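Protein chains: 2
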Amino acid sequence: MTTNKRIVLASRPQGAVQPENFRIEEAPTSRPGEGEVLVRNEWLSLDPYMRGRMSDAKSYVKGVDIGEVMVGQTVGEVVESAHPGFKPGDKVLTSTGWQQYGVARGKELRMIDASRVPASYYLGILGMPGLTAWFGLFELAKPKAGETVVVSAATGAVGSVVGQLAKAKGCRAVGIAGGPEKCDYAVRELGYDACVDYKAGQLHDDLKAACPKGIDVNFENVGGGVLDTVLRQMNLFGRVTVCGLIAEYNATETYGYKALRSILVNRLRVQGMIVFDWAERYGEALADLGARVATRQLKYRESIVEGLDNAPQGLIDLLAGKNFGKQLVRLQP
Amino acid sequence: MTTNKRIVLASRPQGAVQPENFRIEEAPTSRPGEGEVLVRNEWLSLDPYMRGRMSDAKSYVKGVDIGEVMVGQTVGEVVESAHPGFKPGDKVLTSTGWQQYGVARGKELRMIDASRVPASYYLGILGMPGLTAWFGLFELAKPKAGETVVVSAATGAVGSVVGQLAKAKGCRAVGIAGGPEKCDYAVRELGYDACVDYKAGQLHDDLKAACPKGIDVNFENVGGGVLDTVLRQMNLFGRVTVCGLIAEYNATETYGYKALRSILVNRLRVQGMIVFDWAERYGEALADLGARVATRQLKYRESIVEGLDNAPQGLIDLLAGKNFGKQLVRLQP
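Note that the protein sequences, when read in sequence, are chains A and B.
Per the working numbering, residue 43 is the first one in the first sequence, and the count goes up by one each step.
Per the working numbering, residue 43 is the first one in the second sequence, and the count goes up by one each step.
To be clear, the hints were calculated from the coordinates, so they are not data collected in a lab.
Quantities reported herein were computed from a predicted structural model and do not represent experimental measurements.
Mixed in with the good hints, there may be bad ones.
The list cannot tell twin chains apart, which means a pair is met if one copy fits it or any two copies do.
[Claimed, not checked] Calculated lysine-lysine pairs in the DSSO-like style (CA-CA distance at most 30 Å, straight line):
| no. | residue 1 | residue 2 |
| --- | --- | --- |
| 1 | K184 | K300 |
| 2 | K129 | K300 |
| 3 | K104 | K250 |
| 4 | K184 | K341 |
| 5 | K255 | K104 |
| 6 | K186 | K104 |
| 7 | K211 | K186 |
I would like the entire structure built from these sequences, with the hints used as guidance.
As structure tokens, then:
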């Protein structure tokens with residue numbers, strides 16, 4: 043019987059995630075029961091929300107228990123099936139977490155078509171991050187042509203799609219990212235009109251220069267001082283989609299936002315989102331995203347960590363903003 | 043020629059408003075020019091927004107200049123008219139500010155019908171505060187029967203209307219107010235299901251007890267620690283109408299909000315408002331409010347300061363939460 047390697051939560055992080063919060067385990071691979079499927083995972087997605095699941099504070103859903111396999115989406119290949127809808131060789135999207143093999147019920151799997159795009163795309167631009175960008179921008183922020191759209195974590199898995207969709211809509215797209223390399227990529231490759239390096243230490247002034255007509259839409263992935271600075275430059279009737287607050291996730295002391303008066307004075311609409319709320323409409327968004335990917339209107343970049351053993355460091359780096367594009371772990375050599 | 047007494051802004055307050063920020067002046071009453079009307083003001087409305095106009099920080103509109111008459115709405119009687127639409131004796135709503143007589147262009151006046159309700163009501167429940175409550179609750183927060191609606195400054199000019207409209211809609215209405223007397227009034231007279239005294243020093247626990255099913259709608263008039271506490275208890279898909287942040291207006295140091303994560307986790311919709319944005323729909327709201335006042339479904343209380351000289355102290359007390367119901371100044375003995 044094949045050995046399965048998996049990573050479990052060893053302890054809850056205090057502040058920044060540490061390698062010792064994880065533990066690698068090996069165990070025999072389970073056999074699928076009635077209605078179940080055994081999947082050999084090929085790609086694991088690393089995402090900022092995982093920091094929340096490592097904590098026991100209230101969030102969307104309950105956190106991972108100590109000793110439990112870390113949560114995460116994967117794509118892989120069916121190796122054994124006890125479900126009529128799947129057969130060995132099928133490529134599937136699963137939520138079996140940080141492990142090389144996973145058993146899932148058929149209804150927890152989604153078949154993917156890897157004939158036209160790489161299977162890994164279903165963890166990124168054609169998966170949760172792409173859908174998040176699409177619904178958060180088009181359904182909540184509703185930008186109009188000519189408006190200025192600011193995107194924090196501008197080159198990340200979600201932000202890079204938001205920026206490109208905003209450009210396609212005829213908006214001025216302004217990114218916020220960490221470091222000159224990311225900012226350069228945002229403008230040169232992703233097509234942002236400008237990108238501000240928050241690490242340069244003068245975000246307020248730089249953002250003001252990049253948004254001479256103020257900010258109409260903010261797609262927020264970061265929070266903390268970045269969000270506070272953006273709020274101060276919002277225009278009348280501006281919209282803020284709160285998609286992520288990664289700056290807060292690792293913080294031991296919560297950031298105190300001082301610019302909420304802008305919500306009142308500028309009559310802003312600020313909305314939190316999680317993509318699952320649109321689950322019934324994924325098809326509509328995927329059709330649009332797929333067409334834009336196929337015609338190369340949307341560019342996409344992956345950042346790959348080799349091997350499950352390196353997944354913990356991959357997440358730590360992601361939370362520190364060291365990734366470049368969608369962060370994946372390649373599980374099979 | 044009659045003497046006009048008026049109050050001008052003498053200096054900008056640093057922190058709390060002081061009596062010396064105002065100066066009383068006397069001057070001959072102006073005569074109305076072509077298209078203008080001279081009004082003898084009877085009632086002056088005092089409102090929290092006035093604190094903002096005393097400052098030169100960016101807000102809805104530009105602040106009052108030093109030496110200029112303080113802004114404010116009044117109701118009064120036309121004494122001389124050079125406008126075909128008005129004649130002496132007409133009761134009107136004006137924005138001529140803190141003075142006994144004011145000259146205004148005809149289009150800046152609104153005729154009021156004081157035959158069925160006291161003229162002063164047009165500064166309160168049938169004026170800006172009542173309209174603010176109506177649009178902020180029904181157009182932005184959109185409460186559904188059975189939901190829990192929390193209203194801060196629950197007995198104030200706006201809050202008292204919000205709470206009663208929420209009850210009329212079939213919601214559980216929970217007020218937040220300062221002191222047992224106001225809380226008692228909120229429950230006994232205004233019909234709130236419960237009212238929490240934030241001065242008792244255990245707002246989080248008391249609010250939790252008063253909202254056993256969490257909070258679906260928050261109508262925010264106060265801000266600061268009150269808003270931060272409410273945010274932590276919001277339910278999934280809750281709505282927050284940000285109508286006022288009175289706790290911030292006098293503060294020298296801006297409050298740092300720590301509970302913004304609730305916007306993300308609970309997918310809240312937080313919207314700032316100012317009633318002027320619905321100016322074209324005032325008629326619709328006034329018809330509804332008027333009917334509810336006429337049938338005594340809406341109760342209404344005024345807090346009256348005697349004489350223009352006492353208006354500064356009236357505003358200072360209002361900003362400190364010492365008023366009880368809609369704050370007015372009686373300008374004529």
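Hints and how they fare:
1. K184 <-> K300: both (26 Å within a copy, 27 Å between copies)
2. K129 <-> K300: Classified as neither; 55 Å inside a copy, 50 Å across copies.
3. K104 <-> K250: Only across copies: K104 and K250 sit 21 Å apart there, 40 Å inside one copy, limit 30 Å.
4. K184 <-> K341: within (22 Å within a copy, 40 Å between copies)
5. K255 <-> K104: between (42 Å within a copy, 19 Å between copies)
6. K186 <-> K104: This pair counts as between: shortest inter-copy Cα distance 28 Å, intra-copy 37 Å.
7. K211 <-> K186: within (7 Å within a copy, 35 Å between copies)
Of the numbered hints stated above, the single one contradicted by the structure is hint 2.
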